[in-house]
Amino acid sequence: MTVALYSRSYWDVLVAVAPSLVAGGKGKVDAPSTVRAGGFAWNAARTLAGSVAVRIVTVAPAGEGARLAAEVPTGATLEVLAASGAGWLPMTVVLDPGGQCRILRDPGAGLDAAWRAAAVSATTAAAAVHVLGRLPAGFAADVVAAAHARGARVGWCGGADVAPALEAALDLVCVNAREAAALIGDPAASVADCARALAARATGADAVRVVTGGGGQPTIAVHKLDGALDVHAIAPAPIDPSEIRTLLGAGDGFAAGFMRTACLDADGVPRPRLAVAAGLAAGQAAARAVMTGGGAGG
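Each residue of the sequence shown is one higher than the last, beginning at 16 in the numbering used here.
There's no promise every hint is true.
Result set (SDA-like, lysine to any residue): computed pairs, CA atoms no more than 25 Å apart in a straight line [what the hints assert, rightly or not]: (1) Lys43 to Ala31; (2) Lys41 to Ala98; (3) Lys43 to Val30; (4) Lys41 to Arg120; (5) Lys41 to Ala137; (6) Lys43 to Val108; (7) Lys43 to Leu96; (8) Lys43 to Gly65; (9) Lys43 to Gln115; (10) Lys43 to Gly114; (11) Lys43 to Gly125.
To be clear, the hints were calculated from the coordinates, so they are not data collected in a lab.
Assemble the whole structure, with the sequences as input and the hints as a guide.
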């Protein structure tokens, strides 16, 4: 079976310099840098490729497809929805990816018109699991409707920028504490309260809402199964600071590992019910691999 990953793409410029060094003053600062394809789908594909068939779906201007193709992880397939005209993908500057990880991002809204569900291939449309990053609302709604009509599951990793009706219809949602609080309209709500509130308004009979704690707090997942709410929690695994190579992509790695394992068994076959506890453990392992350099997310 296949997992289809959808998101905008960026050229991530990873700059090995502390933000404090460029916060003020003038002049040049030596800052070694590397460039790679970034965005949710790319980070997730680096985590999942090799464990399941993966398709990366994105939009790019003419001329960028070949450069993106060179970035595809082994075991993944790229599907580019071509935008009209030439140009570059939007850029992201990531300062000090191993430390404070400040991200300066061009939102890339100029390419949004190319996100058309009718342009998605039949192979991608037939995926067992569809996972969405930040995407234009109309495209996301069309993907969810088409996937559910085929009996596939759909997950959301696009933050708080999702319409209430679409959020309720999704099978899986994975957001951080700040995003979850924005979705329920209560900035003072706890991680657990956010997860419960999101799960309670899910319309599916088998749905899960995951809220990552951050700052050492447990991650909470609430599984809504046939109307009942089952709460799962997983504490962050301790990592010695000396082991951390990067923070970039760790959240995407967690979400990808969680959704793949919650939806599909070890052989890639869709599960009859979402496996929440197994998904949380897989997500935590994936995030750790990214942070310590054991996975390709960093």
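Sort out which numbered hints this structure fails and list those numbers smallest first.
-> Violated hints: 2, 5, 7, 8, 11; rest satisfied.
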